[in-house]
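Participant: Sequence:
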Amino acid sequence: MKVRFAPSPTGFLHVGNARIALYNYLYSKKHGGEFILRIDDTSEESDPLFEDAIKEDLRWLGLCWDTEFKQSQRKAIYDKFFEELRRRDLVYPCFCSKEQLELDKKVLLSQGKPPRYVGRCRNLTKEEIEKRIKAGEPYCWRFKVSPGVSIAFKDLVKGKALFNSSHFGDFVIRRSDGSYLYMFTSAVDDGLMGITHVFRGEDHFSNTPLQIMIMKALGFGIPEFAHFPLLVNKDGKPFSKRENPPSLRDLASEGYIPEAISLFLFNLGRSHQITEPLNLDQLIKQFDPVHYGTSKTVYSEEQLSFCNRLFIRSMELERLKKLFLSFCGFDEIPKVDIFLEIFRENAVTLKDLCYYYKKVMLADFEPVLLKDEEKDLLYGYLQGQEDLPKGKLFRVLRKVLTGEKQGPPLDRIIELLGKDEVERRIKKALEVNHGD
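Residue numbers for the sequence shown, in full-length UniProt numbering: 1 to 436.
In case anyone wonders, no lab produced these hints; they're calculated from the structure. Heads up, some of the hints might be wrong.
Said to hold, decoys possible - Pairs of lysine to any residue, SDA-like flavour, derived with a Cα cap of 20 Å:
{"#": "1", "residue 1": "55", "residue 2": "250"}
{"#": "2", "residue 1": "29", "residue 2": "64"}
{"#": "3", "residue 1": "322", "residue 2": "60"}
{"#": "4", "residue 1": "234", "residue 2": "292"}
{"#": "5", "residue 1": "30", "residue 2": "62"}
{"#": "6", "residue 1": "29", "residue 2": "197"}
{"#": "7", "residue 1": "113", "residue 2": "99"}
{"#": "8", "residue 1": "359", "residue 2": "405"}
{"#": "9", "residue 1": "375", "residue 2": "423"}
{"#": "10", "residue 1": "154", "residue 2": "215"}
{"#": "11", "residue 1": "335", "residue 2": "418"}
{"#": "12", "residue 1": "30", "residue 2": "65"}
{"#": "13", "residue 1": "80", "residue 2": "176"}
{"#": "14", "residue 1": "322", "residue 2": "252"}
Keep in mind it's a predicted model, so treat the numbers as computed, not measured.
Using the sequences plus the hints, can you model the full thing?
Facilitator: In structure tokens, the structure reads:
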């Protein structure tokens with residue numbers, strides 16, 4: 001059993017693509033299969049820096065692949081299979097201009113027909129083709145679609161899918177510059193690598209019958225498919241170029257941890273939500289594509305925060321300490337274990353923990369303004385008076401010790417800071433407010 005994740009290195013790995021990578025990884029490990037990373041780097045926008053970043057982000061998430069390859073290094077392979085199609089008269093050169101194709105599209109739409117290639121160049125004679133090529137006319141290559149053929153495939157999310165080839169026009173597989181389109185390269189790679197299951201977003205659903213035609217023409221086996229709904233924003237609308245879903249790097253910089261992100265992605269669109277802090281090995285056992293629906297999948301920051309808080313509260317202290325120190329850029333800090341034990345219950349992200357550390361441990365907050373009654377309470381506390389009203393005293397103590405109105409139990413904060421530091425902060429607050 002083989003699956004593949006095929007990102008294009010044109011940007012950082014966003015959560016939508018990370019979700020597809022996760023599902024491929026989980027399915028392959030559950031069934032003892034192979035997880036292949038295929039870098040689709042044939043477009044002009046591809047950048048080796050993004051390729052490295054994608055690999056780094058996958059490793060950060062814990063998704064290690066078994067094999068990898070790059071499409072840019074496989075042109076000779078694509079040429080070979082293209083020549084086979086040409087030899088068998090399954091492709092032909094198309095000289096139609098963009099303007100002509102756009103006009104054809106408008107005519108078809110005005111007639112209530114789906115826009116597809118009308119086949120203008122399909123039956124050109126050999127002499128006509130040679131003449132136009134010699135004249136320097138630009139051309140691409142189209143795959144010949146046999147009319148009236150049923151194309152069926154099994155989709156593990158959407159169920160059985162059935163198409164009729166008559167709904168498709170002859171489609172381009174090779175550009176005028178000799179480069180190949182995704183439709184062709186993906187079909188060749190999936191066939192040669194023996195991919196058994198293709199998990200991807202539903203934006204590729206309509207491509208599937210075209211790829212199946214190519215694979216059948218080349219004698220490849222047909223994999224099973226699973227097309228998952230694309231992520232939408234909180235308003236139920238698709239993400240746009242202006243409003244992309246966040247990248248893994250965005251989430252990491254905000255203090256979200258990989259285990260929590262994996263659980264969040266695992267739950268997206270799933271009929272039964274997992275509310276326990278399961279790690280990757282545990283998610284492998286739980287994963288099944290049939291548990292995912294076909295309705296819109298909403299990207300919810302609230303659900304992501306829920307998952308992150310779940311792990312911060314429950315993970316082993318040593319693991320949390322390592323993540324916290326790395327995120328904040330510290331090698332080691334005093335009383336870190338006690339600090340984390342106290343504040344992990346109040347934090348959603350590692351960023352929150354850093355915020356609390358700076359405010360509480362480093363007293364990184366503006367001096368607080370005290371009323372006369374509050375100053376009297378603090379003087380009384382320093383003098384050891386025992387008949388002070390606890391509620392009012394605790395409120396003013398929390399304010400001068402942490403700069404916050406709420407937080408963990410005050411006795412734990414006093415324990416964390418120590419008697420000397422508590423007295424120092426109280427005296428400093430009284431000095432600042434002296435004479436007010």
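Participant: So, for every hint listed, does it hold in this structure?
Facilitator: Verification of the hints:
no.: 1; hint: 55 with 250; verdict: holds, 16 Å
no.: 2; hint: 29 with 64; verdict: holds, 11 Å
no.: 3; hint: 322 with 60; verdict: holds, 14 Å
no.: 4; hint: 234 with 292; verdict: holds, 19 Å
no.: 5; hint: 30 with 62; verdict: holds, 15 Å
no.: 6; hint: 29 with 197; verdict: holds, 13 Å
no.: 7; hint: 113 with 99; verdict: holds, 19 Å
no.: 8; hint: 359 with 405; verdict: holds, 12 Å
no.: 9; hint: 375 with 423; verdict: holds, 13 Å
no.: 10; hint: 154 with 215; verdict: holds, 15 Å
no.: 11; hint: 335 with 418; verdict: holds, 11 Å
no.: 12; hint: 30 with 65; verdict: holds, 14 Å
no.: 13; hint: 80 with 176; verdict: holds, 17 Å
no.: 14; hint: 322 with 252; verdict: holds, 14 Å
Hint compliance for this structure: no hint is broken.
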